[in-house]
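A.B. asks: For the protein sequence lines, the chains are A and B, in the order given.
The first sequence maps to residues 403 to 983 in my numbering.
The second sequence maps to residues 2 to 315 in my numbering.
What the hints contain is simulated information worked out from the structure, not anything from laboratory work.
Heads up, the beta-carbon is just placed ideally off N, CA and C, and yes, glycines get one too.
Mixed in with the good hints, there may be bad ones.
What the hints assert, rightly or not - The calculated lysine-lysine pairs, modelled on DSSO-like cross-linking and capped at a C-alpha distance of 30 Å, are:
1) Lys866(A) with Lys50(B)
2) Lys895(A) with Lys30(B)
3) Lys895(A) with Lys789(A)
4) Lys28(B) with Lys269(B)
5) Lys866(A) with Lys54(B)
6) Lys286(B) with Lys35(B)
7) Lys30(B) with Lys50(B)
8) Lys789(A) with Lys910(A)
9) Lys50(B) with Lys28(B)
To be verified - Have a look at the derived ranges for each label pair, beta carbon to beta carbon:
10) Ser283(B) with Ala807(A): 33 to 41 Å
11) Val254(B) with Leu849(A): 20 to 28 Å
12) Ser842(A) with Arg297(B): 31 to 39 Å
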Amino acid sequence: MDRLSGFFLLLICGLGIPVALFSASYAEHYTRANWKWYWSLVALFILSMVLVVVASTIFAFMVGWELMTLLSAGLILIEGDGEDRRRSLFLYLVMMHAGAAAVFASFLLFVPYAPALTLAAMRAAAGSLPAHLRVVIFLLSFAGFGMKAGLVPLHFWLPKAHGIAPSPVSALMSAVMLKIAIYGFIRLTFDILGTPQIWWGYLIVVVGIVTAVLGILYALAEHTLKRLLAYSSVENIGLIFVALGLALIFEARGLPILAALSLTAALFHTLNHALFKGLLFLGAGAVKHTTGTLDIEELGGLLPRLPGIGISFLIGCAAIAGLPLLNGFVSEWLIFKSLLHGSVLEPDPAVPLLIGAVALTSALACACFVKLYGITFLGRPRSDAAKYVVAAPENMNLALVMIAAACILFGVHPGVALHPLSVLAGTMIPNPTSPPEIASISRMMPLVAAAIALLVIVVLLLRKPASRSVNTWACGLPGLTGRMQYTATSFSKPLRSVFAAVYRPERKMDLEPPDEPYFPVNISYRSVRTTSFEKTLYRPIVDGVVAVARQLRRLHTGNIQTYLLYIFLVILSLLVVLRFA
Amino acid sequence: MMGFVINIVQMLLLVLAAPLLRGIISKLKAWIQKRQGASVWRPYANLWKLFHKEELVPNTATLIFRSAPVVAFAATVVAAAFLPVLHPAAFLTLDGDIFLFVYLLAIGRFAMSLGALDGGSSFGGMGSSREALVAALAEAPLFLVLTALAILARTGSLSEIAAWTIRQNFFDVSTVHLLALAALAIVAVAETGRIPVDNPTTHLELTMIHEAMVLEYSGPSLALIEWSQAIKLNLLATLMIGLFAPWGMSLTVTPLGLAAALGTYALKLACLVIGLAVVESSVAKLRMYAVPDFLRVASALAILAVIFTAITKR
C-alpha cells in the first residue's frame with residue numbers, strides 16, 4: 403500500500419457510501435431474490451475493485467481485475483436479460499477479456515527478468531528490461547488499460563454497458579471502475595516502468611484528445627440520459643489521458659516539476675470525474691425511479707417536483723461543464739496550464755493546438771450539459787411521466803447532496819485535495835518540488851468564490867424582491883403546451899449540422915409513386931441521428947473472425963474416426979518435434 | 002497601496018462605464034444612419050427605469066429563472082477584476098488567469114442558457130440552442146489567441162502579457178499579433194452578440210440569438226442582463242486593447258501618468274467603438290447557418306497565429 407493505492411482506495415470507498423445509501427431506496431422495487439442478488443453482488447463488486455488497488459502481486463491484481471468485469475456483468479443482468487441486453491453484455495465481456503489479455507501479457511513479459519510477479523519485484527527488474535521489451539510492455543498496457551477505460555476507438559462497449567446497468571451500478575462503473583484502469587496505467591507506466599520515451603507521451607496525448615472530442619460530440623447527440631452520461635465519461639477519460647501523456651512527455655524531457663503538475667492534474671480530474679459522474683448517474687437513477695423513463699425528450703420541469711435531486715444535479719452539470727467555483731474547473735485549469743507550459747517549451751505548434759482542442763471539448767461539454775439539464779429539469783413537462791412524479795426518497799436526496807457538497811468544496815477550496823495529490827504525484831516522479839500552480843490556484847479560488855458570493859448577496863439585497871407570476875408569452879395565442887418547447891433533438895441540431903462529418907446522419911425519404919414527386923400518395927421518412935464509425939472500423943475485423951471460424955468448422959466433421967486421426971497426428975508431430983528439438 | 006486603489010478604480014471603471022459605451026455606440030450608429038439618436042446617457046436611464054419596474058416571471062419558472070441574471074452579473078463583474086486597464090496590473094492576477102477569465106464569462110452564459118430554457122417557451126430554447134452553437138465554436142479560437150500571446154510573452158497572466166507587450170516596440174508588429182487580433186475581433190463580435198453574428202436590436206424569430214434567450218425577462222432581472230451584456234462588451238474591447246495595444250498604460254503611479262493612461266485608453270476604446278459602429282451600419286447580419294463559417298475563419302486565423310509562434314519564436 404502506497405499513496406497511489408490509498409488515493410484510489412479512498413475513491414472507491416468514498417463513492418461506495420453514497421452509492422450504498424442510494425441503493426437502499428433504489429433496490430426497493432426489486433423482487434426479493436433480485437434484491438439479495440443486488441446487494442451481494444454490489445458488495446463483492448466494490449470489494450473486487452478494492453482488491454485490484456491493494457494487490458501487491460500480479461495474481462491478486464488479475465483476479466480482482468477479472469472479478470470486477472464478471473461481477474458488474476452479473477449486476478447488469480439483474481434488470482432483465484432481453485435480446486438487446488444480452489448482446490450489449492456479450493460485447494462488454496468480449497472487450498473486457500481482450501483488454502485483460504493485453505494487460506496480463508504485459509505483466510507476463512516481466513517473467514524472465516523479475517524473480518517473482520510482485521509489483522515490488524517488477525519495479526526492481528524494470529531497469530534491466532531491454533528497450534524493445536519496454537516498448538512492447540507499454541503498448542500492451544496502454545491497449546489493455548485503455549480498453550477498460552474506454553479510449554477511442556476501443557470505447558464503443560462503454561455506453562452500451564453503462565447505459566443498461568442499474569443506475570447505482572452505472573455510477574460505480576463510470577465513476578470508479580474506469581478509474582481503476584487509470585490506476586493500472588499509472589501503476590505500470592509511471593511507477594513500475596518509469597523513464598518513459600517521449601513518443602509514448604505523444605501517443606497518449608493524441609489518443610486522449612481524439613477520445614475527448616469524439617466522446618463529447620457523441621454525448622451531445624445522445625438523448626438517453628445514461629448513454630449521454632456514458633459518452634461524457636469517454637470524454638473525461640480522454641482528458642485524463644491527455645494530462646497523463648503530458649506528464650510522460652515532461653518526464654521524458656527531464657522536467658520533473660511540470661511532470662508532477664500534469665500528473666496532479668490527471669489525478670485531480672480522476673477524483674473530480676468520479677465525484678460528478680457518480681452524482682449524475684445517481685441523479686439519472688433518481689429520475690428513472692421517480693418518472694420511470696430515461697428518455698430526456700419525455701421529461702421536463704422536474705426541478706420544482708424534485709428540488710433536492712434537481713439542485714444537486716445542477717451542481718453536477720455545472721461541475722462537469724468545467725465552470726469555476728466547482729471542482730471540474732480546477733482540474734481543467736491545471737490541464738490547460740500544463741498544456742501552456744508545454745507550448746512555451748516546445749518549438750513545435752502541436753501542443754498549443756491541443757489547447758484549442760481541449761477548449762472545444764469543454765465548450766461542447768458546456769452546451770451538452772445545458773441541454774441535458776435544461777431539457778430534463780426546466781420548462782414544462784413533456785409527458786405525463788414527467789408531470790406526475792413520485793417524490794424522491796430522502797436517501798436519494800441525501801446521497802446526491804453529499805457528493806454535490808464535495809464538488810463545491812473541491813471547487814472553492816481546491817487546496818484540500820491538491821496538496822495531498824501533489825505529494826502523491828511526487829512519489830511517482832523522481833525528485834520534483836511541488837509545482838507553483840498548486841499553491842496559486844488554491845489561493846485564487848476562495849478569493850473568486852468570495853467575490854462572486856459577495857456580489858450575489860449585494861444584488862439580492864438591493865433588488866426588489868417582488869415579482870408577479872404571469873403566463874409565458876405565447877405570441878398572443880392562448881396557452882403553451884410542453885410540446886411547443888425546444889426538445890433535446892432541436893437543441894443540438896445546429897451543432898449536429900456543423901459537425902455532420904463526424905455524425906454522418908442518414909436520412910432517407912421515399913415518395914410514392916416515385917414518378918409523381920409533387921403529388922405523392924405516400925411519404926416515408928427515416929433518419930438515423932448518428933452512425934458511428936465503429937461499424938466501418940470493426941465490421942471487417944468481426945467479419946474476418948467469423949470467416950476464420952467458419953473455415954475452422956470444417957475440421958469438426960462430427961466423425962469419431964476423423965477426431966482419432968487428429969489425435970494420432972498431434973501425438974506423432976509432438977514426438978517428431980521432441981525428437982529433433 | 003496606491004496601486005491597489007488604481008486596481009479597484011479600473012475595475013469599477015469597466016463596470017460603471019459599460020452602459021456609456023453602449024450609449025456611444027448607439028449614438029454613432031444613429032449618426033451614420035443620419036438620425037438624431039438618443040442621448041449617450043440613455044442606457045443609464047434605461048437601467049434605472051428597469052430596476053424600478055415590477056418583474057414578471059413566467060408561471061413555469063423555477064428559482065433558476067430569477068437567479069440566472071444575478072449569477073451572470075456577478076461572474077462578469079469578477080471577470081473584470083482580471084483585466085489591466087490603466088496600468089499593467091489588475092485587482093486579481095494569477096499565472097494562468099487567461100483561462101479563468103474566459104471561464105468566468107462562461108458561467109454567465111451557462112446561467113443565462115438555463116434561465117432561457119426555464120421559461121418553457123420555444124423562444125428560450127431557440128436562443129439557448131443558438132447561443133450554445135456560437136459559444137462552442139468561439140471558445141476554441143479565443144483560447145488559441147490567448148495561448149499564442151501567452152507563448153510570446155511566456156506568461157499566462159493577462160496583466161503580465163500587457164506588461165510584456167508594453168516593453169516591445171510598436172513597429173515590431175509580429176504576424177502572430179496581426180493574426181491573433183483578427184481572430185479575436187471575430188470572436189469578440191460573436192461573444193458579445195453584435196452584427197454580423199447577432200443583432201442586439203432585433204426581435205425577429207428567424208435571426209435572434211441573445212434576444213431570444215432573454216425574451217421572457219423583465220424589470221430588475223432584465224436590467225442586470227443588459228448591464229452584464231454591456232460589461233461583457235467593455236471587457237472584450239479592453240481585452241483587445243490590453244493584449245494588442247497596451248502602450249500608454251502608466252508604468253509609474255503618478256497622477257499625470259494615470260490621466261494620460263485614461264486618455265489613451267479612452268482614445269483606443271473610441272477607435273474600436275467607431276469601427277464597430279461602422280461595421281454594424283454597413284454589414285448585413287449573417288444567416289444563422291453562415292455563422293459557423295464566420296467562426297471557422299476565426300479558428301483558422303487563431304491556428305495560424307499559434308503555428309507562427311513556433312516559427313517566429315527564438
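A.B. asks: Compare the structure with each hint and give your call.
C.D. replies: Checked hints:
1. Lys866(A) with Lys50(B): 13 Å, holds
2. Lys895(A) with Lys30(B): 34 Å, violated
3. Lys895(A) with Lys789(A): Holds - the C-alpha atoms of Lys789(A) and Lys895(A) are around 26 Å apart, at most 30 Å.
4. Lys28(B) with Lys269(B): 18 Å, holds
5. Lys866(A) with Lys54(B): 9 Å, holds
6. Lys286(B) with Lys35(B): With a Cα-Cα distance of about 20 Å, the restraint between Lys286(B) and Lys35(B) holds, given a limit of 30 Å.
7. Lys30(B) with Lys50(B): Cα-Cα ~23 Å, so holds.
8. Lys789(A) with Lys910(A): Distance ~34 Å between Lys789(A) and Lys910(A) Cα, so the pair is violated.
9. Lys50(B) with Lys28(B): 20 Å, holds
10. Ser283(B) with Ala807(A): 33 to 41 Å: Hint violated: Cβ distance 53 Å, outside 33 to 41 Å.
11. Val254(B) with Leu849(A): 20 to 28 Å: 23 Å, holds
12. Ser842(A) with Arg297(B): 31 to 39 Å: About 35 Å separates the Cβ atoms of Ser842(A) and Arg297(B), which means 31 to 39 Å holds.
The structure is inconsistent with the numbered hints 2, 8 and 10, although it conforms to all the rest.
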